[in-house]
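J.: Whenever a hint applies, use it, and build me the whole structure from the sequences.
Residue numbers (the working numbering), protein chains in the order written: chain A, 1 to 769; chain B, 770 to 1201; chain C, 1202 to 1354.
Derived by calculation from the structure, the hints in this document are not laboratory data.
From a predicted model like this one, the values you see are computed outputs, not experimental measurements.
Treat each hint with caution, since some may be false.
One side only, chain A facing chain C, incomplete, derived with CB under 10 Å [to be verified]:
#1 Gly118
#2 Cys121
#3 Arg222
#4 Val224
#5 Gly253
#6 Arg403
#7 Arg509
For glycine and all other residues, C-beta sits at the position ideal for the given N, C-alpha and C.
Residue-level listing of the chains:
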Amino acid sequence: MAEYAPVDLTVENQVEFELDGRRVAAPAGTMLADACYAHGVEIPIFCYEPRIGPPIGACRMCLVEVEGMRGLQTACSTPVAPDMVVRTTTDAVKEAQDGVLEVLLANHPLDCPVCDKGGECPLQDRTFKFGPGTSRYVEPKRHQPKPLNLSHRIALDRERCISCFRCVRFSQEVAQDGELTMQERGARSEITTFSGDPYRGRFSGNIIDVCPVGALTSIPYRFVSRPWDVQNTPSVCGLCPVGCNTELTVREGRTKRVTGRPEPNPAVEEGWLCDTGRWAYDASWSQARITAAVVREATGDRTATLEDAVDGAAALLRGRTAGILVGTAATVEEAGIAADLAGGALPGAVVARMGIPGGALAPLRALPGAQLGDVDDADLVVVAGGDPSAQQPVAELRLRKARRFGATVTGCGPRPHALEALGTFIRTAPGDLAAGVASLAEAIAAATRPVVMWDEADLAGEPAAAEALAAAIAANPAARQLELGAEVNGSGLRALGLPDAGAVLDAVRAGTVDALLLVHADPLDAPGRAAWDAALEGFAGPVIAIASHADATTERADLVLPALTMWEQEGTLVSMNGRVQRLRPGARGPEGAAAGWELLVALAHRLGVVPGYRTAAAAFRAVTAGRPAFAGITPEAAGVLGVPLAAPAQVAGASAPPPASGEGVPLVATRTVYGGAAARRSAALADTAAPAELRMAPDTAAAHWVNDGDRVVLRSSSGESGRLTVRVGDGLPEGVVFAPLGAPGSPTEGVLPADMAPVLVRVARVEAG
Amino acid sequence: MPILNSVYRHREAGRPLTELAAYREAGGYKALESVLGETDADDLQYAFVRSGLRGRGGAGFPMGRKASFLPKDSRLPKYVVCNADESEPGTFKDREIMEMNPFQLLEGLTLAGYAIGAVRGYIYIRGEYEHQARVLDAAVRAAREAGFLGKDLLRSGFDYDITVYRGAGAYICGEETALLESLEGKRGQPRLKPPFPAVAGLYGSPTLINNVETLTALPPIVTRGADWYAALGPEKSPGTKLFSISGHVVRPGNYEIVLGDTTLRELIFEHAGGLREGRRVKAVWVGGSSVPVIGEEHLDTPLDYESLQGIGTALGSGGCIVMDDSGCIVRACLRLASFYRHESCGKCSPCREGTSWFERILQRMVDGDGRMEDFELLESLFRRVSGKTLCPLADGAIAPIRSAIKLFRDDFIRVCQEGSPRPEPMLPASVG
Amino acid sequence: MSIQDQLKGFGITFRTMLSKPLTLGYPERKTPVFPRFRGRHRLWTYDNGLEKCVGCSLCVAACPADCIRVVAEENTPQLRVSAGERFARIYEINMARCIFCGYCEVACPFDAITLEHSYELSERDRRELVYTKDMLLAPAPKQAPLRAEGQRV
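T.: Rendered as structure tokens:
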């Protein structure tokens, strides 16, 4: 299990000590419990969790004998010392282990048959391995009413709790949401939130993973299955560009649970997941799921078998010049096969990717890059633009950890956010990020190991700021950049060399393509959608969509091929930091659906070009073969933990977005992983849905003649938004309005250009609040 | 009875010294005046070491040595914390000092601060001591106005102030690291040691923590000299000690004695007026409830650290609880077990679950449902819990019960078989 | 073949003609089983009607033939099926796979499942051999006689 800290036994200058009569060595400062585990001696632990923070020595389970020290020592808090003599199997140690387990079990209800943790419970395992066979406790056990809902998603069974404080420490030290605490004392201690209200947090689900007993369990997973009923599949989360490594728990073909990996990826998420990544899995069988192919005919819609539908798609595409649009969440295989159609099955096709063009970001991306894990040993972490707490959730935890480890955190950006409390943050005017960057340059130059996190969406819209930031990073040879991406597989699509969606849009407008193939692409719900609306209005050719869920684009398509989701299919995703990681199929998809890459292969077959591969791994090799960005990367090399891509060579910057034009008030848009599209499709996350709200300071509201609760639309030179509800809030900067991306119906996307250039909007009230 | 050699000025003066003028009249703040700007901090620390003063809170660790553990070259500010969370059952000596003689405590705390170069002193006073906290607050204000606290004390360039912080009523906050946690505004639970408070204490800074009685003894040590203090009593435990006597004695109260000069019998029968008519001493907890209990046969032991250790108990906090033969020892143990169960902070498992298990077993015994195997069970639990916990609270819970079972096994066996009837309410006369 | 050999052969025939026949008139007469005989499973309820099974799936874990499927659900005040917090919404045993080892009975922490004496389990369709919870809760439709003390068949 990952409860022990990984120990690198290959470093120089290790400390030699004696462990149960063996001479062994470990790096200085390693705690005994970890060092012993690395040498194959398991010392039982409950409260120790090195990822949470320093040991607290509360459970007393890890007592060992150290020669020359009075009494037994807690192995979790005793660092190895030269020539220390450690004994872990003496009678005194055995007695202590028996004693601690006996008292822990004295009031533990032992309702293992009905407990969700049963079968994967550290308390159970360690009792079997280290505990006494019987209990001498004859007194009645302490009973509490059965589970309380700590939140909508977490059940708390107080009588099972062994007060290890892991959850409380996670809340206080790792997530730093300050929600959980222990109330009462002694044997009556119990976990609760400070206010008694449900646990509100962005990372609350992790307390289920760290709980060593069944005190904290997931409500959506409650009584769903036992560990021997399921298969666990290591995979990757495809809901945001961070690329957290996950483990899918699958029973009878369905994903029943997503947890952090027991062997976490230290370079990415370190085992922590955000609540969206953890509980969004039931979106895979939500109402919006497309379970059968849809053929749209003059007489109405009809469903078709997959065979017929692929035949139909091939018939529609045959002889036409297609525009192929690949969505940002499409895997490398899907995008690669789609791109290769242009040279084979669909000659002359124009292939492009959705997402931010970001031509101005090339110099930044060419600088030495860091992985999220590298933030731990930075002495300065700069956050340029963005809001990691909303857009790249787990990056927030890494940032907080860096702060805990003593790094200085600073940054700039146009929007207020939760992480500003970690250090000095400069609030820049919208469109003037360059000023903020300029004031950070000195700090970057002075630091010894700085890591500069920069927000893709914010900097793509402000080429001057991107240029200044690249110069500031380049000025310090020790500095590394870390992209806070906006798109799930944006890095992968760029590495495949796909141009931005403008290429297809122009072709549609110019009429040079007469069919559209959309691969997980939804241009009608993305920034720049106004242009697409207009272009598709006059488009006469067939539109074929490969999609897993119904959205604005599948409504418009003439034929919809149902695809698998990230929980069901094989594939490769490249994280925002260029880490190539593999999706592994956990669940089975609906009967009538197939993996996107298989649909594309089938389509190529029907169109008369037979691709030479039949597996996702072979497809990966084939599509990356001619692409230098993927040189040396194979599915085997990606393994379980993934490998980073080499930094891209700097290419000539593409056209930079024009400065904000038009008139009105600047709009700052923020992507939301919490309450975004995936979260909305999930029943478990129903209460987190991000409302379509336009937030602004009271003076700004007054200046635009709107009040709290009014329904408004925004208009910019790029188009018109859907309806948004005005929320007037104190503490917001004046003269700016804030709106979320990914809210229901994608209202904000309508006013934004595809390149995320800053926009000015006019606020028009359509309905009083 | 006149008190000789008293180090506590209110006892010497025979009246409360809650006014600064009265305290100065009784010789107060002479020590601070003589030290500030005149004596080097290290010399002062050395004087504390030479005096042989041992911590009066319970553990009896030499005060001067404790002060010398603080790093000299720390970049962090240093603090002195006065442990006034006097929660040990049967102990009420600090209460008297704070109530009657607050300025001597402030002076002592200031001297300790000067000796280690601290920037601030804290008095962590137990929540139930409301009146005493008010007295201290008033004293701090008066001292500040008179220039004995604040910036540039007595124009010596030494800045020092004192904050009185009230606890919220938890026995565990008398444990030094739990006290620090509570003082920092967190849940009062002991910290893992090392690091010790001398290295990383309050807010992670080097911190000296001492009991009220210890700090209050500092001014006389300065004015009369360390050698004078060291000459009082035996070599290893010099000085005087306040004993709080309670229980079945005619005159319960605080008595100051020179360590080693007085026996337990003298303390009970001469100072505290003996027992009620026709009663014999059955059990005595000499140093608060957390020390092993002793019986009548040890009454002639002199009261000092070493002698008491020699008979298997400890001087502890000096809260001497006397029980005569009218009481039931099993019931007394149950009461103590309940106290420790209630006060266990719940951080470490053996103490959290162990103390409540002890209570349940003893409750069963008192109810007459005890089993012979319970003795073996209790002994095994004591062995499994003691010394394996994060702080000494569980050891304090075990010591009195374990020793009582050893000493009064027959009583326990009888109670196991017959139960222990509820005692008659005590007559008012018995509290003297 | 000599005459002796023929006589020897017929000797067996004649001898056997005189002894009692070994065949049984099944299905009119059913072979009685020993008390420890492990036959068709039965799920039990308490006297108050609540099911003993809490859907813990330990029988599934114990089953070497992988023939049990349990899908649990939570009891609610409106729908209380078992005495514990959870109950088995689906409890199926595939009798075609079952090897009647009795491990499920041993594994059960609530004595909710036992192997009874009924052994007449043939069906015309294999799918009918998947016994549902309702079938297992009811007594076996075809009971087998129990062998009396010292009885020989």
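J.: Should the interface hint for glycine 118 of chain A be scored as holding, given a Cβ-Cβ cut-off of 10 Å against chain C?
T.: Constraint on glycine 118 of chain A satisfied, holds at 7 Å.
J.: Please verify that hint: cysteine 121 of chain A, Cβ, nearest Cβ of chain C, below 10 Å or not.
T.: violated (13 Å)
J.: Mind checking the CB of valine 224 of chain A against every CB in chain C and telling me if the closest is under 10 Å?
T.: holds (8 Å)
J.: Given arginine 222 of chain A as an interface hint, is the shortest Cβ-Cβ distance to chain C below 10 Å?
T.: Given a least distance of 6 Å, the restraint on arginine 222 of chain A holds.
J.: Should the interface hint for glycine 253 of chain A be scored as holding, given a Cβ-Cβ cut-off of 10 Å against chain C?
T.: Violated. Min distance 13 Å.
J.: Is the interface hint satisfied for arginine 509 of chain A? The criterion is a beta-carbon contact with chain C at less than 10 Å.
T.: Because about 54 Å separates arginine 509 of chain A from the closest Cβ in chain C, which is outside the 10 Å limit, the hint is violated.
J.: Close enough to count: is the Cβ of arginine 403 of chain A nearer than 10 Å to one in chain C?
T.: With Cβ-Cβ at 41 Å, over 10 Å, it is violated.
The structure shown violates the earlier hints numbered 2, 5, 6 and 7.
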